[in-house]
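Sequences and hints are given; from them, build the entire structure.
Number of protein chains: 2
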Amino acid sequence: MRIAIQDVTPETDYAEIIGWVHEIRDLGGLAFFIVRDRTGLIQVTIPKKKAPEAVVEAAKEVSRESVVRVAGTVKAIEKAPGGRELVPEELEIVSLAASPLPLDVAEKVSAEMDTRIDSRFLDVRKPRVGAIFFIRSVAVRAINEFLFSRGFINITTPKVVAAATEGGTELFPIAYFEKEAFLNQSPQLYKQMMMAAGCEKVFEIGPIFRAEEHNTVRHLNEATSLDVEVSFADHNDVMQLLEDLIIAVYRRVTEDCADQLATLGVDLTVPATPFPRISYAEAIEIANRTVPEKISFGDDLGTAAEKAIGEYIGQHYFIVDWPTAIKPYYAMPYPENPELSKAFDMMHPRMELSSGAQRIHQHDLLVEQIRAKGLSPESFEFYLKTFEYGMPPHAGWGLGVERLIMTMLNLPNIREAVLFPRDRHRLTP
Amino acid sequence: MRIAIQDVTPETDYAEIIGWVHEIRDLGGLAFFIVRDRTGLIQVTIPKKKAPEAVVEAAKEVSRESVVRVAGTVKAIEKAPGGRELVPEELEIVSLAASPLPLDVAEKVSAEMDTRIDSRFLDVRKPRVGAIFFIRSVAVRAINEFLFSRGFINITTPKVVAAATEGGTELFPIAYFEKEAFLNQSPQLYKQMMMAAGCEKVFEIGPIFRAEEHNTVRHLNEATSLDVEVSFADHNDVMQLLEDLIIAVYRRVTEDCADQLATLGVDLTVPATPFPRISYAEAIEIANRTVPEKISFGDDLGTAAEKAIGEYIGQHYFIVDWPTAIKPYYAMPYPENPELSKAFDMMHPRMELSSGAQRIHQHDLLVEQIRAKGLSPESFEFYLKTFEYGMPPHAGWGLGVERLIMTMLNLPNIREAVLFPRDRHRLTP
Numbered sequence: 001m002r003i004a005i006q007d008v009t010p011e012t013d014y015a016e017i018i019g020w021v022h023e024i025r026d027l028g029g030l031a032f033f034i035v036r037d038r039t040g041l042i043q044v045t046i047p048k049k050k051a052p053e054a055v056v057e058a059a060k061e062v063s064r065e066s067v068v069r070v071a072g073t074v075k076a077i078e079k080a081p082g083g084r085e086l087v088p089e090e091l092e093i094v095s096l097a098a099s100p101l102p103l104d105v106a107e108k109v110s111a112e113m114d115t116r117i118d119s120r121f122l123d124v125r126k127p128r129v130g131a132i133f134f135i136r137s138v139a140v141r142a143i144n145e146f147l148f149s150r151g152f153i154n155i156t157t158p159k160v161v162a163a164a165t166e167g168g169t170e171l172f173p174i175a176y177f178e179k180e181a182f183l184n185q186s187p188q189l190y191k192q193m194m195m196a197a198g199c200e201k202v203f204e205i206g207p208i209f210r211a212e213e214h215n216t217v218r219h220l221n222e223a224t225s226l227d228v229e230v231s232f233a234d235h236n237d238v239m240q241l242l243e244d245l246i247i248a249v250y251r252r253v254t255e256d257c258a259d260q261l262a263t264l265g266v267d268l269t270v271p272a273t274p275f276p277r278i279s280y281a282e283a284i285e286i287a288n289r290t291v292p293e294k295i296s297f298g299d300d301l302g303t304a305a306e307k308a309i310g311e312y313i314g315q316h317y318f319i320v321d322w323p324t325a326i327k328p329y330y331a332m333p334y335p336e337n338p339e340l341s342k343a344f345d346m347m348h349p350r351m352e353l354s355s356g357a358q359r360i361h362q363h364d365l366l367v368e369q370i371r372a373k374g375l376s377p378e379s380f381e382f383y384l385k386t387f388e389y390g391m392p393p394h395a396g397w398g399l400g401v402e403r404l405i406m407t408m409l410n411l412p413n414i415r416e417a418v419l420f421p422r423d424r425h426r427l428t429p
Numbered sequence: 001m002r003i004a005i006q007d008v009t010p011e012t013d014y015a016e017i018i019g020w021v022h023e024i025r026d027l028g029g030l031a032f033f034i035v036r037d038r039t040g041l042i043q044v045t046i047p048k049k050k051a052p053e054a055v056v057e058a059a060k061e062v063s064r065e066s067v068v069r070v071a072g073t074v075k076a077i078e079k080a081p082g083g084r085e086l087v088p089e090e091l092e093i094v095s096l097a098a099s100p101l102p103l104d105v106a107e108k109v110s111a112e113m114d115t116r117i118d119s120r121f122l123d124v125r126k127p128r129v130g131a132i133f134f135i136r137s138v139a140v141r142a143i144n145e146f147l148f149s150r151g152f153i154n155i156t157t158p159k160v161v162a163a164a165t166e167g168g169t170e171l172f173p174i175a176y177f178e179k180e181a182f183l184n185q186s187p188q189l190y191k192q193m194m195m196a197a198g199c200e201k202v203f204e205i206g207p208i209f210r211a212e213e214h215n216t217v218r219h220l221n222e223a224t225s226l227d228v229e230v231s232f233a234d235h236n237d238v239m240q241l242l243e244d245l246i247i248a249v250y251r252r253v254t255e256d257c258a259d260q261l262a263t264l265g266v267d268l269t270v271p272a273t274p275f276p277r278i279s280y281a282e283a284i285e286i287a288n289r290t291v292p293e294k295i296s297f298g299d300d301l302g303t304a305a306e307k308a309i310g311e312y313i314g315q316h317y318f319i320v321d322w323p324t325a326i327k328p329y330y331a332m333p334y335p336e337n338p339e340l341s342k343a344f345d346m347m348h349p350r351m352e353l354s355s356g357a358q359r360i361h362q363h364d365l366l367v368e369q370i371r372a373k374g375l376s377p378e379s380f381e382f383y384l385k386t387f388e389y390g391m392p393p394h395a396g397w398g399l400g401v402e403r404l405i406m407t408m409l410n411l412p413n414i415r416e417a418v419l420f421p422r423d424r425h426r427l428t429p
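From first to last, the protein sequence lines are chains A and B.
Counting in UniProt numbering, the first sequence runs from 1 upward without gaps.
Counting in UniProt numbering, the second sequence runs from 1 upward without gaps.
No lab work stands behind these hints: they were computed from the structure.
By construction, the Cβ of each residue, glycine as well, lies at the ideal position given by its N, Cα and C atoms.
Check before you lean on any hint, since a few could be wrong.
Below are the SDA-like pairs computed for lysine to any residue, each with C-alpha atoms no more than 25 Å apart in a straight line [unchecked claim]: (1) Lys-179/B x His-219/A; (2) Lys-385/A x Pro-173/B; (3) Lys-385/B x Val-160/B; (4) Lys-108/A x Pro-392/B; (5) Lys-373/A x Thr-428/B; (6) Lys-385/B x Thr-12/A; (7) Lys-385/A x Ala-106/B; (8) Lys-50/B x Lys-79/B; (9) Lys-385/A x Lys-385/B; (10) Lys-179/B x Thr-428/A; (11) Lys-179/B x Ala-162/B; (12) Lys-60/A x Arg-116/A; (13) Lys-385/B x Glu-339/A; (14) Lys-79/A x Ser-99/A; (15) Lys-179/A x Val-62/B; (16) Lys-179/A x Ala-106/B; (17) Lys-179/A x Thr-165/B; (18) Lys-385/A x Leu-101/B; (19) Lys-385/B x Asp-423/A; (20) Lys-385/A x Glu-92/B; (21) Lys-179/B x His-425/A; (22) Lys-385/A x Glu-16/B; (23) Lys-179/B x Thr-12/A; (24) Lys-75/A x Thr-12/A; (25) Lys-75/A x Glu-11/A; (26) Lys-307/B x Lys-385/B; (27) Lys-60/B x Leu-103/B.
Footprint (simulated), chain A over chain B, 3 or more residues, beta carbon under 8 Å [said to hold, decoys possible]: (28) 8-18; (29) 77-89; (30) 289-303.
Next comes the structure, spelled out in structure tokens:
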């Protein structure tokens with residue numbers, strides 16, 4: 001009966017493991033293999049004169065990254081990983097790997113990102129890379145559990161759509177039978193429609209698609225978005241929810257991923273709360289102290305500004321009270337000062353993680369704002385209709401899952417946080 | 001402080017609720033509203049002579065499906081829903097609905113599926129329809145919890161791909177910058193690649209896209225698939241896993257959705273285990289007893305055959321030992337009888353829910369099978385490469401989430417199980 005490598009301790013008598021041959025060292029009379037499964041590494045030691053002949057034969061034939069089944073006695077030994085080694089009575093090659101490998105899994109030779117993604121199946125075998133995707137899975141689990149425990153309903157909205165969320169730019173067109181369709185940029189309109197449907201608290205974790213032309217270390221053309229929408233809530237309510245969710249995810253990863261964090265060399269601390277809230281006006285004032293190109297009220301914050309403010313604040317924070325002119329049409333303007341809106345961004349010191357707002361729920365005001373953005377209300381008919389028959393006040397946000405993982409684990413490139421990135425030039429594997 | 005309508009009991013003294021006006025009856029001196037939120041219904045009774053003037057004014061103005069806030073005293077009363085009524089001291093119209101409604105939420109007038117989907121936001125307000133999507137969310141929660149508790153890792157694979165899973169048919173083409181790409185039909189190749197990556201147990205819940213021309217009550221062009229893949233497992237292991245998962249979902253829905261099941265009039269029973277396993281040969285023998293068009297060995301089972309077998313078996317069951325010729329190239333043939341493969345379908349009496357198999361993990365055999373299907377190994381290079389460097393034996397399946405919900409709740413049309421269906425003729429809302 002196979003056991004996980006992490007469960008083989010110096011006290012184990014006998015163990016059967018299955019894994020990949022991570023390293024091979026042959027010292028003549030002694031051969032050492034390091035065998036790896038997703039839980040850890042173990043040294044397999046073969047004293048050639050004493051070992052069964054079949055074991056010695058298999059050991060001769062096996063190559064790095066082959067899958068092997070090993071069964072034998074366990075001995076405590078200080079110098080080996082985990083303080084134990086396995087001396088095989090059986091050694092079976094389950095799947096022989098060809099040589100040479102297109103990528104070095106033992107990481108003695110480091111590789112460029114492109115080479116790594118080309119052989120992603122080998123790249124993910126590296127304990128450091130495997131750790132990232134284990135942590136991502138734990139984060140997704142934590143998100144699900146947090147939102148279900150708060151009474152949210154999980155929804156699925158279509159990815160093939162007839163209309164753009166925010167006008168006609170940055171869309172991938174699809175030939176949908178005889179019609180033209182698009183890949184959805186965001187579930188924004190659909191999650192708002194679920195507020196009109198009386199669902200009150202909904203979330204979705206799913207793909208979003210943006211035909212952005214530029215290739216950067218923090219953009220993907222296909223990304224994963226966590227989208228949340230809540231009825232009878234305002235921007236302050238959903239900012240609190242977002243802060244609570246970030247804390248829940250960090251806490252869960254800290255608790256469940258100690259080994260993986262150690263493998264990555266990440267000393268994860270749960271962010272301090274409450275996250276500071278600064279206004280957009282304060283944000284540009286802070287940025288203008290250091291950035292060379294000064295920002296005026298009404299400008300977007302660029303990368304340099306985000307960096308300057310992030311360095312100044314030094315932790316997760318919110319930017320609130322944005323100019324209505326630079327936020328999407330569905331953000332609710334303050335009634336007493338409609339130049340500003342109840343919109344926010346949630347920032348990690350390195351970059352924006354989430355955008356949200358209390359939404360406009362009044363049909364006529366929404367039409368006015370769509371027009372003010374130079375868009376045509378006719379293209380939003382299916383959406384606008386839902387505001388005429390009892391749309392409740394509501395608020396929500398979208399959070400980039402890859403950016404959450406990238407910033408949590410201090411990864412240099414967002415491509416590190418997704419198994420098979422899609423960018424300007426990459427469609428495979 | 002607002003409370004959920006289901007939490008207002010005959011013993012409550014005072015309550016504030018927010019919800020939609022489900023029905024209005026005016027008896028002259030008395031007005032009755034039924035107010036609805038996602039948790040239930042309550043009668044609001046307004047004695048016009050005694051009620052505050054502002055309440056009477058608002059009651060005059062309000063229309064069906066408007067959002068209202070009501071605060072007042074609760075009285076036990078036998079004839080009202082839940083045995084209580086609310087007598088308002090405050091009645092505020094939060095969001096006034098236009099009249100007439102494009103769809104009758106109180107369901108006194110039944111509507112065609114197309115009319116319902118056109119106004120899906122109103123359709124989902126119907127307690128019967130809302131119940132379906134609440135149950136779907138609970139099912140998704142149960143799937144997540146079950147698989148995480150079994151040590152699975154959640155993965156996300158790309159939906160924009162360069163190559164087809166099973167040849168070039170039924171694909172939606174995308175213009176991806178200057179390249180041609182496709183919407184993925186299935187995560188099949190990607191989840192198998194994660195086996196080569198050493199992830200051992202993975203799952204994904206995500207959209208799949210099939211450009212099937214025919215419009216039926218059990219096909220969608222965009223559907224949700226639960227995909228599972230397990231290393232060092234065979235077809236029997238993953239059939240057991242699938243059976244356990246179905247039981248876990250049914251059990252959870254039975255426990256958590258008693259009210260919603262009652263609303264739907266569904267008397268849900270957890271299926272008996274083990275699910276019967278019949279061979280493909282037995283399946284056609286059973287079908288041929290009743291179907292007019294006889295099936296020969298090597299034919300696909302059609303709708304009529306599935307129906308005949310389903311009636312005979314009368315519960316969830318597996319069909320195993322399929323002819324290799326009619327299963328995909330990645331299904332593992334039995335070594336002692338390669339005409340048959342270690343593939344299975346999991347059936348509800350009404351239809352197929354899931355297909356799976358032990359997969360071929362040997363590179364050369366896989367190439368041979370791809371050729372045998374008339375496909376070109378060159379188009380699968382990114383996939384085949386992962387079989388050369390230590391691919392473990394593995395098995396898995398895909399389960400249609402909408403079909404699971406449709407059969408569990410005895411829904412006549414798969415469009416009942418998805419918020420915004422995409423079919424041959426429908427791209428909106």
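Open item on the list: Are any of the numbered hints broken by this structure? If so, which, sorted upward?
Closed with: 2, 6, 9, 12, 13, 14, 15, 16, 22, 23, 26, 28, 29 and 30
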